[in-house]
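With chain Y held as given, fit chain H onto it using these hints.
Residue numbers (the working numbering), protein chains in the order written: chain Y, 1 to 302; chain H, 1 to 302.
None of these hints come from the bench; they were simulated from the model.
Take the hints with a grain of salt, since some may be wrong.
Which copy is meant is left open, because identical chains are indistinguishable; a pair holds if it fits in one copy or across any two.
Result set (EDC-like, lysine to aspartate or glutamate): computed pairs, CA atoms no more than 20 Å apart in a straight line [to be verified]:
hint, residue 1, residue 2
1, Lys146, Glu36
2, Lys75, Glu36
3, Lys75, Glu295
4, Lys146, Glu35
Predicted, not measured: the structure shown is a model, and the values here were computed from it.
Protein chains: 2
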Amino acid sequence: MRPVSLSGDHIQIQAFLDRYDTFLLDCDGVIWSGEELLPGAAEAINSLRKQGKTVIFITNNSTESRASFCRRFEKFGIPVHIDDVFTSAYITASYLSQDQRLAPPRDEVFILGSEGIENELSAADIKHLGGTDPAFQRDITLEDFKDLAATSTLSSSVGAVVVGVDLQLNYLKLCQAVTYIRNGATFLATNTDATFPIFGTVFPAAGSVAAAVSRASDTQPLLMGKPGPHMMDAILTRHEDLDRSPTCVVGDGLDTDIKFGVEQMLGTLLVLTGVSSRQDMECTDPKYAPEAFVEQLADLVL
Amino acid sequence: MRPVSLSGDHIQIQAFLDRYDTFLLDCDGVIWSGEELLPGAAEAINSLRKQGKTVIFITNNSTESRASFCRRFEKFGIPVHIDDVFTSAYITASYLSQDQRLAPPRDEVFILGSEGIENELSAADIKHLGGTDPAFQRDITLEDFKDLAATSTLSSSVGAVVVGVDLQLNYLKLCQAVTYIRNGATFLATNTDATFPIFGTVFPAAGSVAAAVSRASDTQPLLMGKPGPHMMDAILTRHEDLDRSPTCVVGDGLDTDIKFGVEQMLGTLLVLTGVSSRQDMECTDPKYAPEAFVEQLADLVL
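With the rest of the complex left out, here is chain Y:
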């Protein structure tokens, strides 16, 4: 079925909203773009809550911790409880502390990614190295190649490598991540988004970094964020009585948010303020098309 365009049609919008009592909102490209709140996004969240809807935030952004996300919401005048924020870094930490519990002697995680992953792993009492550690912020040397080949500079307790977007990406860290994986560590990606939206365009996301690691390690990552199932597992752990059929995902990415919604048997609404365009929607596999779309989140305010 072709996605329905809702923007400007108050009757259709109300009918759509009436079908759901819980909204799972993506953040980047839906609520904000970079450091800027998208116009009317706070009002839209407020309006949903006024109508008695539960609003939960789900993001593949692994650069910040949940606590840091809460501060950002606060800055934008949107009150949010930390238990209602699900980030791919948090999902990764949950997965590693519950589902695939790392056990000694291989209970440490090497991070090719940002502070958000470090903070969430720390919060879950998981040991980690790499990430933003200044010791890794340098050019590789011939000595490094030799030491990595001999594994003499590798930690023997690393059992997993977590890859996310890394604004301090360098070749030394890429080599470390690849070598740990080639030596048997589990390869997890916070998400496999090709890009993230900011300032009206897109830049390389975790999926781009993970592609480099995958190619050199000849290994596919375990996907933590959307469209994988672990985000839903984590939501259901916190919100035990959440019912899928009156729950709708609102996102800007066809391959992530909408695919996640379809596979988790949830409602789906695409917003056109981020990664996916109207043209992308027309070209996508109809199985993974959204039920409906709006130009921007603000269009849901009646």
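For chain H alone, coordinates are given in the frame of chain Y:
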């Protein structure tokens, strides 16, 4: 047909060598590994030349210029003429100056790669930026994202992006490369090797860096090195009377050297001192299996 094991069988080795008068030798993993000459490699080259064979060097390594490769050969006591050295950086420069000539106002190249590419582009009088320029050796800032989105810090004359292995890879350069390509620049990869061999193991090569760029730009690169056809075009330009049937590729990579040889209708010999193992050879598509293999290049000395 199953590849024939030649090591230790002098009669089979002589029969194999007798079939060819030109040998196209890969370098990394065949002649040397990192900074170390592989045992007996110089003697093997010497022995081939003594038997009247023409020896040409073909490498996907784009980190050094041909002149720099010649100095390395000299250091190892192997006399080599610059016209007999074909590197993927040289092929890239040839391609951009002859086949797909860049014209003003888009005649500049952004490099995500090493000095070898810079030197070969300079030698072919092609303007370039990026690469090892210290101005790009820093962390990305929020201001950079804003400027890149507005294209205000991009050169309007960039018509192509060349990606190779980059030991000074960082997120800022990755973003620049991806943004130029998303804005219409041609995307060339010196090669798409997943890894390169050094110190008895392997590390991320140009194919790993190109995979990150590909994923974020949603664009496949034009492949310059092996197994693409441009390496052969360049060899035939320099060696006009080279005949394919008595020519044999000797390399350590099934996906690069051997595939190149098969597709160019040349003889193929795998050495097991680099990327591909005996097990890889058993698992590979029989169409792209080598005719024969040796443990090491030195095994060709009789």
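Here is how each hint holds up against the structure:
1. For the identical chains of this complex, lysine 146 and glutamate 36 are inter-copy neighbours only, at 11 Å across copies versus 45 Å inside a copy, given an alpha-carbon limit of 20 Å.
2. Taking the shortest alpha-carbon separations for lysine 75 and glutamate 36, only the intra-copy value of 11 Å comes in at or below 20 Å, while the best inter-copy value is 57 Å.
3. For the identical chains of this complex, lysine 75 and glutamate 295 are neighbours neither inside a copy (24 Å) nor across copies (64 Å), given an alpha-carbon limit of 20 Å.
4. Proximity of lysine 146 to glutamate 35 under the C-alpha cut-off of 20 Å is restricted to the inter-copy arrangement: shortest distance 10 Å between copies versus 42 Å within a copy.
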